[in-house]
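S.K.: Could you slot chains B and C onto chain A? The hints should help.
First to last, the protein sequences are chains A, B and C. First residue of the first sequence? That's 1 in the numbering used here, and the numbers climb one at a time after it. First residue of the second sequence? That's 1 in the numbering used here, and the numbers climb one at a time after it. First residue of the third sequence? That's 1 in the numbering used here, and the numbers climb one at a time after it.
These are computed hints drawn from the structure, not numbers from a lab. Since this is a predicted model, take the numbers as computed values, not measurements. Wrong hints could be hidden among the right ones.
Among the chain B residues that face chain C by a calculated CB cut under 8 Å, a handful are [to be verified]: (1) Tyr57; (2) Asn148; (3) Gly212.
Here are a few chain B residues that sit away from chain A, every Cβ distance over 10 Å (derived from the structure) [to be verified]: (4) Glu26; (5) Asp40; (6) Lys41; (7) Thr42; (8) Thr45; (9) Asn139; (10) Lys265; (11) Arg285; (12) Ile320; (13) Pro329; (14) Ser337.
C-beta atoms are modelled at their ideal positions from N, C-alpha and C, and glycine is treated no differently.
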Amino acid sequence: MKDKTKYFSYPYIVWMSIFILLPSFLVLLYSITTKESNGITTIQFTLDNYKMFFNNMYIYILWDSISLAALSTTICLVLGYPAAYIIANANLSKRNTLLFLCILPMWMNMLLRTYAWMTILGNNGLINTFLEFIGLQKLNLLYTKGATVMGMVYNFIPFMILPIYTALSKMDNGLIEAADDLGANKKTVFRKIILPLSMPGVISGIIMVFMPAVSTFIIPQLLGGNKNMMIGNLIEKLFILNGDWNFGSAISIIMMIIILISMSIMNKFDVDKEGGARLW
Amino acid sequence: MKKKLCFMLVILTTLLIATTGCKKEEKEILNVLNYDIYIDKTLITEFEEANNVTIKYDTYSTPEEMYIKAKAGASNYDLIISSEYMIERMINEGMVNKLNFDNIPNYQYINEQFKNQPYDPNNEYAVPYFWGTLGILYNKNTVDVSSNSWDILWNEKYDQRIIMMDSQRDSFAAALKLLGYSLNTVDEKELDEAKDLLLKQKPLVMAYITDGAPDIMINEEADMALVWSGEAVSAMAENENLGFIIPKEGSNIWIDAMFIPSTAKNQPLAEKFIDFLCTKDSTLRNIDEVWYSTVHTEAIKEVDEELLNNEAFNIPEEDIKNMEMFRDPKEFIDLYSSRWTEIAAQKSK
Amino acid sequence: MIILFIFLYAPILVLAIYSFNESKSRGNWTGFSLKWYIELFQDRDIKTALYYTVSIALISAIVSTLLGTAASIGINSMRGKIKSVILNINYLPVVNPDIVTGIALMILYISLNISLGFNTVLISHIVFNTPYVILSILPKLKQLDVNMTEAAMDLGATPMYALRKVIIPEIKPGIITGFLMAFTLSIDDFIISYFTKGEGVTNLSIVIYSMARRGVRPTINALSTIMLSVVLLLMIIINNRSNTTEKSKRIKRNEVLK
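The shape of chain A in the complex, shown without the other chains:
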């Protein structure tokens, strides 16, 4: 019987080859060839596209994207872990309501959530109208790096809270009780038991926030005013505006490699043999 069920996966394997492997291969191909300038396709293998990237300007964009994403991820972690902890330790009926309240924004369209901040941060938006009202000076909030970070945190924080909550809720209370019985104080219990056991959730959360944060182009465009180019904007511009698909593909490959490397580093902390990002 087992031999027969294996065949169930064959349709999908064919599908994957066409729609996952082939596109990736094509991107790779574009990245190592040059742009044909007069319509004649010249398959000239070259690493020029990659070399072009190692230029101060582009490295800076990459660095900027990674640092902004890292900042947002850290803020999400700092705000999200305590939130997940409180929810996990709440009594059962409250727990569902709290969880429900945290998940609800996630179900709202991401663009709406980004757009919402445009209304609030604008020069005549909610915050500034309030500041003016109480007699303080208006602040330049929208179209700054801060607005971009704020947008990222707002959009992605539920993705940090959920995995951490799942990990915390699955924890065996017996372990905590045992530690208590053996004389550990609350701080030690947290440091030595709760924190390490919640790590898989933390890792999941970090991956699920960092990855979209580093590659987004909507948030720096709508909230950042197109002033701080991130790697997502660069790729979009190269494909849609400049038509330089070769260079764009090279950058896509570089980004894929960076993410795969950071994921494998993260997974070293994760004892889970399954691997990959998990929500629950």
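M.R.: Frame of chain A; chains B and C shown alone:
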């Protein structure tokens, strides 16, 4: 029992969607591609109902974007509306079909002034849609425009209250004109000077926005913005504190036109739609919606007094003499793109 | 904690309040009005977007659930290197940023001369949905007691019968979760649809994006309030159903224990 119910529901929904999809396919389809917010949508519905067809209407925001998708063969549009310099490029690359003007009798109403232009010298490929210029929309209460120059956009007094366009040719046009160069230049030295000027400006810029500037100006969240004339007209209609100037160094005059790409599947229907858009009534409704200057000789007679008095709509003759039209830079487009990417990538606050 | 909730909900609630504002401006309240909702319902773009968003989400969710369920069952019976290779390729769309997946697919369609339109968006959605379906079902399959299937067959069931009556009911929670995930991801997708769309196909996210670029629009506020209410309603219904099933379970348990 429940499982069977769910299953039936699923099949039902799929069938429903499939059949509604099929119903639409019985009618002729017209694929149209146009700039964002550049048409009165009721015109589309009216044409669909009058001719029993379905119009699939797509929008885009920059001509470069349209060109790339068309070049890559990614789309099968029957009718595209775009800017003259991009049409020029596509005509030169054989991507545009010649029009059968027998199907477009309303072409007679297009002002002669807009025919025989460099992008389509023999009037074979495109029908003008709207025209306009590039200028500065400003807040009359806070900005001093007495210099009547592009350098107002570089004035440090308005730090973080200046909006530029997220469009390479338009932002470069402002810089090049300020320096006294042609906005079609391919001279690298001149382009570098313009690039440096734009880099110098970046710390003062509040944001690089295309299409979003009028809203910000109406709400007085910025003091000035680089805009197209139609945007200025619509903004000034909503806020009396706003004004529009076309700087003395000269500006850009542009014509947007309708053309049929070589990938079109239904040219006759596309030509019918072009003809429909060229009627006086359609044009007037479009003007009401988008506020751009019209190419229609009859429509302009029935336009509001108020609009005719607005310099952003009724662009003065002496300004037009001082204006340059964008040309296709051909292979030199990279000179602009690479410099623009540099500006966009530049560190900012 | 409360601060977090204020942070999470303030923007959405602000939008909701402003959707009833008479004037367009963001600072002043000039009066209660439903005019933006009326404008919303007449907007041709929104109607088209809604049609495509829901239909693509539904069809792609159904197809990816079917594809994914079959695939999970197949992959589960695999062993060793082949299995991990296949799993890793499967997780590629999950691991890759949306923009890379979207661009890769766009390049694929163009290279194969497939013009962008409804079909390309649909296929793209199935591509990124199916791995999540597999992700939901595989763990359930692992938990499945192998002995049960063998027991069924010892009792005379054919493999297909065992599949239908034993395996599928056991992994049903995984299938449902997978379907819901696929549906949700589809409805919310922006980047992948953005790169693979054509011929008038659009979705809610793309329409909101074009509107947002033009500035603050009260019709978007109206749209967001409606979406908020729908989502709220859905969640209350789901919450109630799980509460009632819990309650009925508890009641039954008490009865048995008595």
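S.K.: Non-interface claim for B/Thr45: all C-beta distances to chain A beyond 10 Å?
M.R.: 26 Å, holds
S.K.: Find the nearest Cβ of chain A to the Cβ of B/Pro329 and say whether that gap is larger than 10 Å.
M.R.: At about 13 Å from chain A, B/Pro329 clears the 10 Å cut-off, so the statement holds.
S.K.: Interface hint check: B/Asn148, Cβ to nearest Cβ on chain C, cutoff 8 Å. Holds or violated?
M.R.: Given a least distance of 28 Å, the restraint on B/Asn148 is violated.
S.K.: Beyond 10 Å from chain A, beta-carbon-wise, is B/Glu26?
M.R.: 31 Å, holds
S.K.: Measuring Cβ to Cβ, find out whether B/Asp40 lies farther than 10 Å from everything in chain A.
M.R.: Fine: 25 Å to the nearest Cβ keeps B/Asp40 off the interface.
S.K.: Just checking, B/Arg285 versus chain A, shortest CB gap more than 10 Å?
M.R.: 29 Å, holds
S.K.: If we take the beta carbon of B/Asn139, is the closest beta carbon in chain A still more than 10 Å away?
M.R.: 12 Å, holds
S.K.: Confirm or reject the statement that B/Ser337 sits farther than 10 Å, beta carbon to beta carbon, from all of chain A.
M.R.: 5 Å, violated
S.K.: Say whether it holds or is violated: B/Lys265 keeps its Cβ farther than 10 Å from all Cβ of chain A.
M.R.: The claim stands: B/Lys265 keeps its Cβ more than 10 Å from every Cβ of chain A (closest is about 23 Å).
S.K.: Let me know if the C-beta of B/Gly212 comes in closer than 8 Å to any C-beta of chain C, holds or violated.
M.R.: 5 Å, holds
S.K.: At 10 Å, judged by beta carbons, does B/Ile320 keep clear of chain A as stated?
M.R.: Label holds. Min Cβ-Cβ 29 Å, cutoff 10 Å.
S.K.: Is the nearest Cβ of chain A still more than 10 Å from the Cβ of B/Thr42?
M.R.: At about 26 Å from chain A, B/Thr42 clears the 10 Å cut-off, so the statement holds.
The structure fails to meet hints 2, 14 from the earlier list, while all remaining hints are met.
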